[in-house]
Amino acid sequence: MTFRPLRRRRGTDRRPRAALAITAVFFLLLYLPIAVVVLFSFNAQKSLTVFKGFSLRWYSAFFHDHVLIDSLGMSLKVSLVAMAGSVILGVALALGLVRSRTRLGSLAGLIMLVPLVTPEIVTGVAAMLLFKGMGITLSSGTVMLAEITFSISYVTVILRSRIAALNPEVEEAAMDLGATRWQALRLVTLPALLPSILAAAVLVFALVFDDFVLAYFTTGVDPQPISVRIYSAIRFGVQPTINAVGTLMLAGSIGLIGLALAIPRLFGRRGGLDLLSGE
Amino acid sequence: MAQRTPSAPSRPQRGSSASGARLWTWLMLPGTLWMTGFLIASLVLVATLALGTTDPLGNPRFGLNFSNITALADPAYRIVLLRSLGYALIACVICLLVAYPVSYAIALHGGRFKNLLIAAIVVPFFANYLVRMYGWSVVLSDGGPLLRTLRAVGLADGNTKILQSGVGVVAGLVYGFVVFMIIPLYAALERMDLSLIEAGRDLYGGPLRTFLFVTLPATRQGAAAGAVLVFLPAMGDFVSAQLMGGPDQIMIGNLIQDKFFEGQNWPLGSALTMLMMAVLFIGMLGYLRRTRKDEAEATQ
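The listed protein sequences derive, respectively, from chains A and B. Using the working numbering, the letters of the first sequence correspond one by one to residues 711 to 989. Using the working numbering, the letters of the second sequence correspond one by one to residues 45 to 344.
You can take every hint at face value.
DSS-like, lysine-lysine: derived pairs with alpha carbons at most 30 Å apart:
no.: 1; chain 1: A; residue 1: 762; chain 2: B; residue 2: 205
no.: 2; chain 1: B; residue 1: 205; chain 2: A; residue 2: 756
no.: 3; chain 1: A; residue 1: 842; chain 2: A; residue 2: 787
Selected chain A positions facing chain B (in silico; Cβ < 10 Å):
no.: 4; residue: 728
no.: 5; residue: 747
no.: 6; residue: 955
no.: 7; residue: 956
Hint data in this document are derived by calculation from the structure and do not stem from the laboratory. All of these numbers come straight from a predicted model, not from anything done at the bench. Positions of the beta carbon are idealized from the N, C-alpha and C atoms, including for glycine.
Chain B on its own, in the form it takes in the complex:
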């Protein structure tokens, strides 16, 4: 939490004088203009080009043409979109199932090693994403340590494969983004009032009931934030499907990449990008409505 100044409520309106307001505006302007020029304009460009066409040479042409949008109805695209949604959602759920006990153990039982343990989780995240994915694909590979161990203890046989399957893709997404789930969950558990748990125990709730009816609801928002933070990059990822999956496991990110680099059909690539954004936007709206409802309940 931010350190509060004790006299915060009595502070006069900052930046209310004309010269102050002007200074703050001048400070804001360069960054805002930069982002409008490079980011907002480029996103508008993608949306516009989604309605464009390609000329016979394959060059993109702007226009008002809905053929790319209708092309998205192609069952082949629908399958990829649904698969991407499915993989991203499954990855989200697994991240939650893994991250919750880990965050719980560290936040509530980490003692003086808490910060060290969380740092130990964050540090690998700063290793190059591709190097991490590459190492992970070696671990999951046929002769790799994971399958060899599983085979040795009889949990897998010679035919079990992880790479070149949907399991491999999801495993890649989980490894890539699980840290985004741990950080908000850890923050939520850390912030939680532990006397709530004591109260649950005083009221003769067993550990499980206390967990289900006290701890879990209290950290719901952390889990929701983590789900968004995992889902967004997982939906757009194309490295995991490329390194861990086979040709029949491609995700929408691979399609977009293909349309821009190999297929050279930028208008169609733009339309696919907009489709992905639309799906994510609907998800974000659901998240915002959910959190707003939570806040309304909390303030009641």
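The following block holds chain A by itself, in its conformation from the complex:
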């Protein structure tokens, strides 16, 4: 008789068939809606359930639709401004939060968490009331202000863990060598954080560009952000042009996320965006 060890393989149990099957079905259902949008954006007919041959007519319809083009342009503008504003405010806030041991620091840390634990509809309603209460006409400017407010938290959360992971002795060494604290920050700390800052910026851009709820409550009439435009279009049934816009936006988002994930590699070190590490 040969001795059979109790464990056949180190580590975990054998392949859990049920879990793998559920995972397969999950991936199928996850991609099915996106596949439908992409596929039917090339449909020759208006139908969303029967594919009648390949055509680019919905893309052509989109490029001739000035309302949609203007909306896309506005979303682009809003995203760029929100990105710049929230990165400047958010990086400074994160630096202050990690290094400061004051009571103001803990208060600022709490305020920064508010958007993350508040449903967007609440922040949207609140921002709209604030603007209307101050007598400000809703426009692309109010969308920008609201999006910056919301995005500061993302930037701060991402940067905070990175700053905490930095070796403070490098900064101290710079100061021992005669740099002022501000010079050490500007010449040592910020360059070390650059990959994370860029990754956070790309992430904010993508999130703001795709944001719907906040934009919905804070936008004026004309032009409206692309998400809001899509919302009003799909409420009225089949809109194949929306499939084309959706496909283009999907391609853009995937490109941006790829960029955000690739930034740390481009810099040849870790320090970018750990979307998945649960930090």
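Starting from the known structure of chain A, fit chain B onto it as the hints suggest.
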């Protein structure tokens, strides 16, 4: 996990010098003031307006008036609130039931494809929320691929509908937010010490017992975090009920939207918003107490 510096414990108190403390305060100030001015002030405004009234022209007026609060006792609102809670909770449970096996399979059996598979889950999440919901509503529609397949294999008949029902709304919420459950669960499973599972097996626990008494408790906090991350946006969502549900499936988000846009009763809309926040706040307190208890047990 963050990379630790080996000399971390011996580091001197950072920012302890007066000039340093001042610099950190100056850096914090603009962002904090911005958020106080735009976010905290606007939330206070909502709370205040909940006690306001509308004048005959429908313009909001501030005041000290509890009619909006008492109006919330209307059974119609109570039904919508309970339905929203129910849909959000069911969506949470389904997300957990779906996300757990998926995270488990990827974290423990994904091998070198782990990161690729998780990225494949995160990427669709970055597609525009409305476009995703729209595609999902096409998939769930009567002539859509899902019902056609179910009918072909005999799991559904011609009368089965998914859209225009509560099932459709919950399906929308699950599709919209399941990624918020997968990420913390995956992180928890990934972080788990696999020798615990081996120990469970060494002690002659079967796969099921090892899972129930070792794996599940070890990832409890990931599941709790995921539940909060799904529940918060699900409670406030109004797109899912609008695209997938009928008029009798509206959620509290739809009510709020209606009061602000169609009904033009902002004080009542504010009161409904505060009601939703109150419900979520109670849920958050429960979560915080639970995690604190877990931490206390873990450190014992």
